[in-house]
Amino acid sequence: MATAHQTAGPYWHMIDFPAWADVLREGGPNAGAQGERIVIEGTITDGDGALVTDAMVEIWHADPAGRYDAEFQGFGRCATNAEGRFRFTTLKPGPVPGRGNTLQAPHVQIAIFARGLLSHVTTRLYFAGEPLNEADPLLALVPAERRATLIAEPTAPGTWQLDIRLRGGAETVFLDI
Amino acid sequence: MSDPIPYARPAPGSQPPLDSPAYRSTQSRAPLLAPIRAPHTLTEASSPRLTPMHYPVQADMSVHNGKAAMGERMIVAGRVLDEAGRPVANSMVEVWQANAAGRYHHVRDDHDAPLDPNFEGHARIFTDAEGRYRFTTIRPGAYPWRNHHNAWRPVHIHFGLFGQGFAQRMITQMYFPGDPLLPLDPIFNTTADEEARQRLVARFDLEVTEPEWALGYRFDITLRGPAATPFEDMSAQGGDHH
Numbered sequence: 136m137a138t139a140h141q142t143a144g145p146y147w148h149m150i151d152f153p154a155w156a157d158v159l160r161e162g163g164p165n166a167g168a169q170g171e172r173i174v175i176e177g178t179i180t181d182g183d184g185a186l187v188t189d190a191m192v193e194i195w196h197a198d199p200a201g202r203y204d205a206e207f208q209g210f211g212r213c214a215t216n217a218e219g220r221f222r223f224t225t226l227k228p229g230p231v232p233g234r235g236n237t238l239q240a241p242h243v244q245i246a247i248f249a250r251g252l253l254s255h256v257t258t259r260l261y262f263a264g265e266p267l268n269e270a271d272p273l274l275a276l277v278p279a280e281r282r283a284t285l286i287a288e289p290t291a292p293g294t295w296q297l298d299i300r301l302r303g304g305a306e307t308v309f310l311d312i
Numbered sequence: 418m419s420d421p422i423p424y425a426r427p428a429p430g431s432q433p434p435l436d437s438p439a440y441r442s443t444q445s446r447a448p449l450l451a452p453i454r455a456p457h458t459l460t461e462a463s464s465p466r467l468t469p470m471h472y473p474v475q476a477d478m479s480v481h482n483g484k485a486a487m488g489e490r491m492i493v494a495g496r497v498l499d500e501a502g503r504p505v506a507n508s509m510v511e512v513w514q515a516n517a518a519g520r521y522h523h524v525r526d527d528h529d530a531p532l533d534p535n536f537e538g539h540a541r542i543f544t545d546a547e548g549r550y551r552f553t554t555i556r557p558g559a560y561p562w563r564n565h566h567n568a569w570r571p572v573h574i575h576f577g578l579f580g581q582g583f584a585q586r587m588i589t590q591m592y593f594p595g596d597p598l599l600p601l602d603p604i605f606n607t608t609a610d611e612e613a614r615q616r617l618v619a620r621f622d623l624e625v626t627e628p629e630w631a632l633g634y635r636f637d638i639t640l641r642g643p644a645a646t647p648f649e650d651m652s653a654q655g656g657d658h659h
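Chains as they are written, first to last, in my numbering: chain A, 136 to 312; chain B, 418 to 659.
Chain B extracted, bound-state conformation (with noise of 0.2 angstroms):
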């Protein structure tokens, strides 16, 4: 069987450091040795093929129980893609939020803001051929989160990739152009690169957005690529000139 193609290592400044002492669980969780570069084998690049036949979508947050949850309706739609920027397709994405108040569906939250018993604020969403996905919510509020004086996270959802191999693997956060919390915010921060740092942050779309309905963002979401651009055809003849 012959070697898998590497996946490229991240461009500097485009992918936060470990240690980032700003957002202070680092400090304790944050490992302090350097990691062993391993050379990519079946093992990373052979993907975990989760199907909606196992793994079920859901693709709208905004409606639980038949019931429409409070807040800003929207639509949230992007690509995945490569860093060659070949689609991303068939590949599994999992979205999850806090409701329109800044509250969590979830036991350890105790912000004092409202629950939603029409919102739980999770999804589950497939790329298609085109690597194109989409999904319906409501916008998230902010909320406090306790890592230094006065501290709030900015409305943000988070975004789980599965990719087309175990070093694809991503978790992100989408979060939402002109809000005022995001220079102040130590996790968004991290990424040192500006240009790299505003791809985090989606755009009003008036293509996504639907009349009378909803408002639409959209995402794009760019995952690590091949080291080298792949000549599918010419490994496939068992050549490799290239």
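Chain A on its own, in the form it takes in the complex (with noise of 0.2 angstroms):
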């Protein structure tokens, strides 16, 4: 039997290292690592709309190429601000094999661990505009009117944005995986 998880509580900072929200960091896993350059960011919410400004934030994803297995470590954990906003710089990730025969869309898994949330919640980013988000093995499985929670969306050139409700009305799509 699994042990149970417990919260990360308030007080997880201790094991925040700010630089970790830059994947692509000097002296880091992919120092030079080569392809497009992206920002991730949001905001996270709670059920009463209030801004969850002591959230951990964990991103996991490919490499440009679509693989896990190459040098490219695309972990990053990163603070929300006192804005309730996560910032991630990394690059951006290709079509990974799905299932079967399946290519899945270009996303990012993301983790959210605080206070309050007894064990982390798990959902997945994608990136507006994608071809292949029409077929995706993911996003097939979630309600159309629902979907919209799991899509980034342009706001720069190389921006993209996020919002994150953890509960109550346009609640995100979390994953049980």
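Everything labelled a hint here was simulated from the structure, so no lab data went into it. Even for Gly, the Cβ is constructed at its ideal location relative to N, Cα and C. It is possible that part of the hints are untrue.
What the hints assert, rightly or not - Listed next, with one range per pair, are the computed distances between beta-carbon atoms:
| # | chain 1 | residue 1 | chain 2 | residue 2 | range |
| --- | --- | --- | --- | --- | --- |
| 1 | A | Gly170 | B | Leu449 | 45 to 55 angstroms |
| 2 | A | Gly184 | B | Gln615 | 36 to 46 angstroms |
| 3 | B | Arg466 | A | Glu218 | 27 to 37 angstroms |
Mind docking these for me? Both chains are given alone in their own frames, and the hints should help you get the complex.
Here's what the structure looks like:
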């Protein structure tokens, strides 16, 4: 039987290393990696519409060629700031093989940890305008009217925004992985 | 590329429900809608392979800048295994905790207890090939947390584990045997299954204890395992007869 999850609590910042929000940081595992440089940002709000200013957000994604087994480590961690906002710098992932012979649209796995979450919640970020979104096997499982909660929109060249709502109206689609 | 072996779903009662009103903060933060159950793909099965080269080991919280922290020095050791009993090898483990007086070295902790200039309270270790980990620290103190009248958290250490795939990622807490606060703690009690709950409690271990130096506690952690026992030799030959 797996050990029970327990909340990360309010003081997880003791393991917050702000440099990790830059997946391409100098001296990090991906220094010098080549590809399309992007910024991923967004806000997190709770069921009352209040900004979640103490969350820990982690991302995990494939490299620009859609591989997980290469040198690139698409892992980052970021605290939400006083405006409830997270912000990562990384490279845009490529399409990734899915189950069977399917192809998944480029995506970023997101995990959110915080006080008040007994276990982390996970979701995915997709990129608006990707032709593969139409055929993505996971997006196909999501009711059409909720799909937009997983799709980041461009706000500036190379900058993608996805706002996350933990609970209530327009609640983000979370995944049981 | 063959499909990754799916991870098992948690046993009933072994994991806390997100919506646990006795833990007050869940009331505004726990999602209301059921999550979409997604078949595992490479996305969830391929770990971030975090290594000591870029994430340096810090295994001793009991000394800071060459000076000893205040409190009862102790060693915590254990193994990280999956549900099939296989060691989770070469995997990053993060820990963080309050100091001996029950205060975190954290800007938002305003508990009226002393800060220790020689204690920061976070460490990073890696499991070895057999899934073993070990670190040295100071026994943390209990602290108040305002969840309800006279609410005090039991003594605990936070553990963050990465496993071998994003689906195995886990954060949990290690508690101490005999803590009178345990039966009163809403967070500890969110795990319904008694046996699962007790496995959050470390045990004193004379084997881990070092003479004339520090008491030792053992805390073993089980991450999710494969949904079916993989027959690795068979699959390597392209067979799938089980």
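Status of each hint after checking the structure:
The given range of 45 to 55 angstroms is broken by A/Gly170 and B/Leu449, whose C-beta atoms sit roughly 38 angstroms from each other. Hint check: A/Gly184 to B/Gln615, Cβ distance near 39 angstroms, so the stated range 36 to 46 angstroms holds. Restraint check, B/Arg466 to A/Glu218: a C-beta distance of roughly 33 angstroms satisfies the suggested window 27 to 37 angstroms.
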